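Number of protein chains: 4
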Amino acid sequence: MQPVHIAVVGLGYWGPNLVRVLHELEDAEVVRICDRDPRALAALHRRYPSVPTARSFEEVIADEEVEAVAIATPVGTHFELALAALKAGKHVFVEKPLADSSERAEQLGAEATRASRVLMPGHTFLYSPPVTLVRELLLEEALGEIYFVSMSRVNLGIHQSDVSVAWDLGAHDFSILRYWLDDVPERVSALSRSCILPGVADIAFVNLQFGSGTLAHVEMSWLAPSKLRRTAIVGSEKMVVYDDTSNEPVRIFDSGVVLRDPQTFGEYRLTYRTGDIVSPRVDTTEPLALELQNFCEAVRGHVEPRSTVALGTDVVRIIEAVERSLDEQGAPVAVERARASTPESAD
Amino acid sequence: MQPVHIAVVGLGYWGPNLVRVLHELEDAEVVRICDRDPRALAALHRRYPSVPTARSFEEVIADEEVEAVAIATPVGTHFELALAALKAGKHVFVEKPLADSSERAEQLGAEATRASRVLMPGHTFLYSPPVTLVRELLLEEALGEIYFVSMSRVNLGIHQSDVSVAWDLGAHDFSILRYWLDDVPERVSALSRSCILPGVADIAFVNLQFGSGTLAHVEMSWLAPSKLRRTAIVGSEKMVVYDDTSNEPVRIFDSGVVLRDPQTFGEYRLTYRTGDIVSPRVDTTEPLALELQNFCEAVRGHVEPRSTVALGTDVVRIIEAVERSLDEQGAPVAVERARASTPESAD
Amino acid sequence: MQPVHIAVVGLGYWGPNLVRVLHELEDAEVVRICDRDPRALAALHRRYPSVPTARSFEEVIADEEVEAVAIATPVGTHFELALAALKAGKHVFVEKPLADSSERAEQLGAEATRASRVLMPGHTFLYSPPVTLVRELLLEEALGEIYFVSMSRVNLGIHQSDVSVAWDLGAHDFSILRYWLDDVPERVSALSRSCILPGVADIAFVNLQFGSGTLAHVEMSWLAPSKLRRTAIVGSEKMVVYDDTSNEPVRIFDSGVVLRDPQTFGEYRLTYRTGDIVSPRVDTTEPLALELQNFCEAVRGHVEPRSTVALGTDVVRIIEAVERSLDEQGAPVAVERARASTPESAD
Amino acid sequence: MQPVHIAVVGLGYWGPNLVRVLHELEDAEVVRICDRDPRALAALHRRYPSVPTARSFEEVIADEEVEAVAIATPVGTHFELALAALKAGKHVFVEKPLADSSERAEQLGAEATRASRVLMPGHTFLYSPPVTLVRELLLEEALGEIYFVSMSRVNLGIHQSDVSVAWDLGAHDFSILRYWLDDVPERVSALSRSCILPGVADIAFVNLQFGSGTLAHVEMSWLAPSKLRRTAIVGSEKMVVYDDTSNEPVRIFDSGVVLRDPQTFGEYRLTYRTGDIVSPRVDTTEPLALELQNFCEAVRGHVEPRSTVALGTDVVRIIEAVERSLDEQGAPVAVERARASTPESAD
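Chains as they are written, first to last, in this note's numbering: chain A, 2 to 348; chain B, 2 to 348; chain C, 2 to 348; chain D, 2 to 348.
For the record, the hints were derived by calculation from the structure and aren't laboratory data.
Heads up, some of the hints might be wrong.
[Said to hold, decoys possible] From the structure, some residues in chain B lie toward chain D, with a derived Cβ separation under 8 Å:
#1 T275
#2 I278
#3 V279
#4 S280
#5 P281
#6 R282
Remember, it's a predicted structure, so these values are computed and weren't measured experimentally.
Yeah, the Cβ is synthetic: ideal placement off N, Cα and C, and Gly gets one too.
Only chain A is shown next, with the shape it has when bound in the complex (with noise of 0.2 Å):
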């Protein structure tokens, strides 16, 4: 196929990834990076003297040889920025979170449908080996009834000062909980505190309930003695350990608790079952490449992405629900949910 011809847009600590991994993809081409801090655009251009560089994204999106353009840049930009690239007939991958509101995401899916263009947010998570994996563990239904996902992801640093750790993190857990379990939750609650820099939350503790009756709890911190990154989903029959940060990402525990049917007189008989600990052998190819193919083939039209803009919508509802279970002191809030009209639920 031919290489898709791609702009990156935004070059401060993720966008210098995309260009490094994009210029390895034999299906894509980098014909343009744009940054509005010359400094940012000279270091980059050192590392690659071929590619053409560009200081405003006005540039960028009146460029004909622009096919794509993906955006690296600051949340608050990605609505205006990604809007236009559609409205100018690019086809777009934006960063994780797709828009800082729904329903500006909405707006961003419905521009993508009416001009049929691909619009991917880039949740890189669902593009890891080892979340595929629990991913296909779950269709499978290996685990059994799922019982409850319990996730950490916490480690000294780095600080945002524009996002919440929600908004930051958050946004990696949400996306995998919606992968995993092809469903929003109904309700969350959420407490934070800011304990560095005041108005911007570094550790919340967050609680979902599906309406399958699987519960998640999800802490989050840039405040952690030592890194962690761990997942527990214990199912009726199977639980999993996902760790992405170990040289084993995914255990499996054939392990479970056997409850013998009731006595008289109310009496019940449990057994505990504990079995094999498998650790699969597991790919190790970089999520960002796969990710980054992806959008190359759907720009092609040979596939639908797996990050959609109805899962990345999905995930900004769940974070903004967050954020209004904090403001009402962690009060469980409902979910707001895709209307029927939103372009997704069309597919």
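Assemble the complex: chain A is given as a structure, and chains B, C and D must be docked to it using the hints.
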């Protein structure tokens, strides 16, 4: 000092441990063992043939040789048995939780004061050397301001059929929090699920807010892929990880965030400080031995017990608030405060 | 079956464990406990008041009620006591190592054969469920050709003052190797040092070469920063790590090297195969209980004991070779072979 | 200081790392890259288009702009290339091991002295911050008398086809030992096996004896179930574990054995002292950057390099002794001593 003559009542799961440890203490002598179940009684009698048995509690408290009673019966019976023992002039050690309601816990406290007898709830973790070591760090303010505490106490089993995971495991963590922070949370919110037995919550996620600003989160579960006992205490100066399943149960991280003065235009500059990690040597004495020794010394009038009625009553109040929050679908609820007339407040 | 009437001789560090475990076995009854030290005897008598005591070994073997003797005395006394017991018509269980020289071990074996009595050396690790599980993997040839075995058995303490680390810890590892590989090494070489007590080696590095080509290395030490019990068995098809201090004592790695046919000009092409890692469920029965049960069944004539005199004698031969190599400054020395006339060879 | 103009020769597995790191050093400038394989040359040229290439070594040493040559070619070519470069007046950095025989290593040293040029073997681990930290502990005698060192360096892969595991991995561990102990072992004995490729030992167990009494053991393997880089250094006062794969690469155990004065009748009384465990903060600078910076400073005449020709030659002598012991079926052999006339001895 003269050995305290103690009767142990309730020989189910935990009672035999009380007998074993009291048997080895120089300052205690087990003068009676008591259980309604003749098999439980006979089994222990075989191990300690010289200790007289009793099948009725009345027999125990009528025995003049008995100075103190250690109660390890189901939670629902604590109030009645402890009250009767106090009224009979016995000192009372009662396994956690002190009673099945805070009102009853207060009544027991009032009766102990009236009768001038020691009443001590069995919060064994208060005597665990790693917990004590952390308490000392906190007293010295070595950690700085306490931002948050995150606790996980999960494993596969052991389901209780009469009480929820909050009454069972929660009693441990809430007693540790009360001891460390010398404070009772103002509000709690909780989410739980009864996965195995109808009506018996076996997993719970509990958020706690303290007046000082400190947050805490406790995850408790009888359903988990592997045993996890991990508590992180994050302060402005240092962070501590406490894990009672580890060979290094306390680890002190000399790490934190340094916030430089706000710059012009509201820009903050943060740096991360990571220093040495120290695993202090921790004494390995069995907590139960330290606890029962403390009880004997309290009976002899030498000391106030570390595990006070005030603390035990506060723990019950926290559990009650958790249960109320669960009844209200996870709404944050206030924890009841100790009334001024509570005997312990008078200390 | 009728319980075997056993006397336990030697109540130092290990003997009380024998008494405890035999006490709980249905097929055994402890009919005598014996030690020359009245304090040791009295201490155990308090725990088991119904078991008669004896201060002299003669008394024990003169007692007609005693069918079998379990010997847990210092190594230097094994030969004399076991021989006297066999001559008195008793079955004999003797703690490892069987005797302080292979010649004496052979003599004991010959006497047992002559007297038609069971003689069983106490190599407890042969009854450890993880060791048994690895043995089964090896019997099935699941690992392919065994390239090498690397064993570390180190911790801080417990120094012996009468025997070297090779006689103490080595007896464990050499018994495991003999059991797993069903083979005795042809040659051993060793290096050791007496760091703390003059003349008592407390660390040793031992290399072993088997006729099959398999190599083994054993590191043993009473002086180590932390307890380490790690054995790696590397085969052409799979690799196994056995660690008896871990919750997952056996881990099977489906990994290896694939050698493609030699290319022209002697170029080889290798690829590395890494597959799943499995931690099989391992039974948690106490090895000592399985071992003593096996002894009782052997006494009753139902089975050959797993821990044979032939194995126990081979272990002593390996230790003797280690000591010879140490005397010759680490030169490789041959391990003496069992003589054709050894009773066990006749099996 | 003026940047040192360096040519990098050999662009196989390691050479590109030299180019990358030199490229980022302010005190170095890569002025040539050289390889006989046009593909290797072209691949690197694409990444560094401004650096001139050379296909012949002669071209490199004839280039007057080249002040120093960094050699990363197969071991068998080190001698010839380094000698020619020195004779051409260039300073020389040569990857470990310095040469394929100690005689040739000495010849190179003599030539460097004669030509007044820096010759530095690339023993990167001497620049690894955890190794340096342990070296400082040893210089301060913080560990007391060093009883023994136990090293494991094992993983699955990467087989070399031209040299044995001792020449490859051994060069690392022997350089660390030489650096830490400032000493060369008197005798070594070794056992190895060629499991995969005929004639290429891929596992080896090496014992080393130092004149001070210190013992060392090194296990090295390209065939192991999982990566293990664990070194324990046991001293009379403290013990250290160094593991360069860990987040806490150095751990200091304040533990040991206390020997009380011998009692009457030759009884010794030992007690075990276990204190705190400290994981000091360790700098995370890339060792290769520190090493090449050290080379540049040596070229400019500011410092003696840490990795000296004397050390590099000793490492080759130890490897030669290992190979001799292997030829003699594991017999202990003496390590050849540096001759008085060796230039480095004159320092």
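Tested hints:
1. Using the Cβ-Cβ criterion of 8 Å, the hint placing B:T275 at the interface with chain D is satisfied: the shortest such distance is roughly 6 Å.
2. The restraint placing B:I278 at the interface with chain D holds, with a minimum CB-CB distance near 4 Å, inside the 8 Å limit.
3. Hint status for B:V279: holds, given a least beta-carbon distance of 5 Å to chain D, under 8 Å.
4. Hint status for B:S280 relative to chain D: holds, with the closest Cβ pair at about 4 Å, below 8 Å.
5. Hint on B:P281 holds. Least Cβ distance to chain D is approximately 5 Å, under the 8 Å limit.
6. Nearest Cβ of chain D to the Cβ of B:R282: about 5 Å, under the 8 Å cut. The hint holds.
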